[in-house]
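Number of protein chains: 2
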Amino acid sequence: MDILGIRAAYEEASTGYQEGGIPIGSVILDERGAILGRGHNQRIQKSSPTLHAEIAALEDAGRQKATVYRKATLVGTLSPCSMCTGAILLYKIPRIVIGENINFKGDEDLLRDRGVEVTVLDNRECTSLMRRFIQERPEEWNEDIGEAHFN
Amino acid sequence: MDILGIRAAYEEASTGYQEGGIPIGSVILDERGAILGRGHNQRIQKSSPTLHAEIAALEDAGRQKATVYRKATLVGTLSPCSMCTGAILLYKIPRIVIGENINFKGDEDLLRDRGVEVTVLDNRECTSLMRRFIQERPEEWNEDIGEAHFN
Numbered sequence: 001m002d003i004l005g006i007r008a009a010y011e012e013a014s015t016g017y018q019e020g021g022i023p024i025g026s027v028i029l030d031e032r033g034a035i036l037g038r039g040h041n042q043r044i045q046k047s048s049p050t051l052h053a054e055i056a057a058l059e060d061a062g063r064q065k066a067t068v069y070r071k072a073t074l075v076g077t078l079s080p081c082s083m084c085t086g087a088i089l090l091y092k093i094p095r096i097v098i099g100e101n102i103n104f105k106g107d108e109d110l111l112r113d114r115g116v117e118v119t120v121l122d123n124r125e126c127t128s129l130m131r132r133f134i135q136e137r138p139e140e141w142n143e144d145i146g147e148a149h150f151n
Numbered sequence: 001m002d003i004l005g006i007r008a009a010y011e012e013a014s015t016g017y018q019e020g021g022i023p024i025g026s027v028i029l030d031e032r033g034a035i036l037g038r039g040h041n042q043r044i045q046k047s048s049p050t051l052h053a054e055i056a057a058l059e060d061a062g063r064q065k066a067t068v069y070r071k072a073t074l075v076g077t078l079s080p081c082s083m084c085t086g087a088i089l090l091y092k093i094p095r096i097v098i099g100e101n102i103n104f105k106g107d108e109d110l111l112r113d114r115g116v117e118v119t120v121l122d123n124r125e126c127t128s129l130m131r132r133f134i135q136e137r138p139e140e141w142n143e144d145i146g147e148a149h150f151n
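The listed protein sequences derive, respectively, from chains A and B.
Everything in the first sequence is counted per the UniProt record's numbering, starting at 1 for the first residue and increasing by one.
Everything in the second sequence is counted per the UniProt record's numbering, starting at 1 for the first residue and increasing by one.
Possibly wrong hints are sitting among the right ones.
In this list, chains with the same sequence are indistinguishable; a pair is considered to hold if it fits within one copy or across any two.
Here are the simulated lysine to aspartate or glutamate pairs, EDC-like style, with alpha carbons at most 16 Å apart [stated by the list, open to error]:
| hint | residue 1 | residue 2 |
| --- | --- | --- |
| 1 | K71 | E147 |
| 2 | K71 | E117 |
| 3 | K46 | D60 |
| 4 | K65 | E139 |
| 5 | K105 | E19 |
| 6 | K65 | E147 |
Hints listed in this document are in silico derivations from the structure and should not be mistaken for laboratory results.
Given the sequences, and given the hints that come with them, work out the whole structure.
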């Protein structure tokens, strides 16, 4: 059973990779662990600078009451960037599960400082898929995290 | 001349209000002050929990190089929430201009701590349009900032 939602998040990342996109996936779980929304990074597919996986999952979940977010868990294959960190704080999502933070480490400390429970799984499949993409397409990856690419 | 872009941002907010939406508008200016992208909050119009005005303006600007963001200015009619604050930090946008922060004050201190130049205009039109919406539709406003509504 995919208690932590990481399998579904990885499936999203994998779908993104097959589409030629940046392989980061995310799901939002309700208080019972059911999936409220799921998505993957759409930078390349939709030419979107803001549809990171976590934002896509929030969009898929649609408009929810504040009370739903406050019992939800956001799961992502990779450590969240500042924007996605901010989305977690906006909706006061109390806990997040991260597949890995080796390829990129976002604002996890800010989340912890603000009381969010952060679990890092150190998942090998998430790490290896992301590493593969970064090696194959460093320019697009750098664009996604607001970094210039000089190679 | 709309040097600070606030007039265009207010026009976006006003369009949002006329559409029955939450009246917050935003524009992104390039280093010369030309508009790269513009948008307004789409919670009600597109049933979107993430298309805040600033996110809509970033989407409208499309995929941009890191070097473009690093010379840009983000202008919004209202103080940015945590998510939009995070988007500013992700893309390392060096300065923002805020119409007002009376109806809502976001994570301005975090932006300043991270070196972003924050200018608050205390604009009367922005303040009065936003106040009107909050009085008319408090439930939708609270939803937009992740707050429960108990009235």
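Checked hints:
Taking the shortest alpha-carbon separations for K71 and E147, only the inter-copy value of 13 Å comes in at or below 16 Å, while the best intra-copy value is 34 Å. In this assembly of identical chains, the alpha carbons of K71 and E117 lie at most 16 Å apart only when taken from the same copy (12 Å versus 35 Å across copies). Both within a single protomer and between protomers do K46 and D60 lie at most 16 Å apart by alpha-carbon distance, with minima of 15 Å and 12 Å respectively. In this homomeric assembly, K65 and E139 come within 16 Å of each other (Cα to Cα) only across copies, at 10 Å, whereas the closest approach inside a single copy is 38 Å.
When the C-alpha separation of K105 and E19 is checked against a cutoff of 16 Å, the pair qualifies neither within a copy, at 25 Å, nor between copies, at 40 Å. For a Cα distance limit of 16 Å, the shortest separation of K65 from E147 across copies, 8 Å, qualifies, whereas the shortest one inside one copy, 35 Å, does not.
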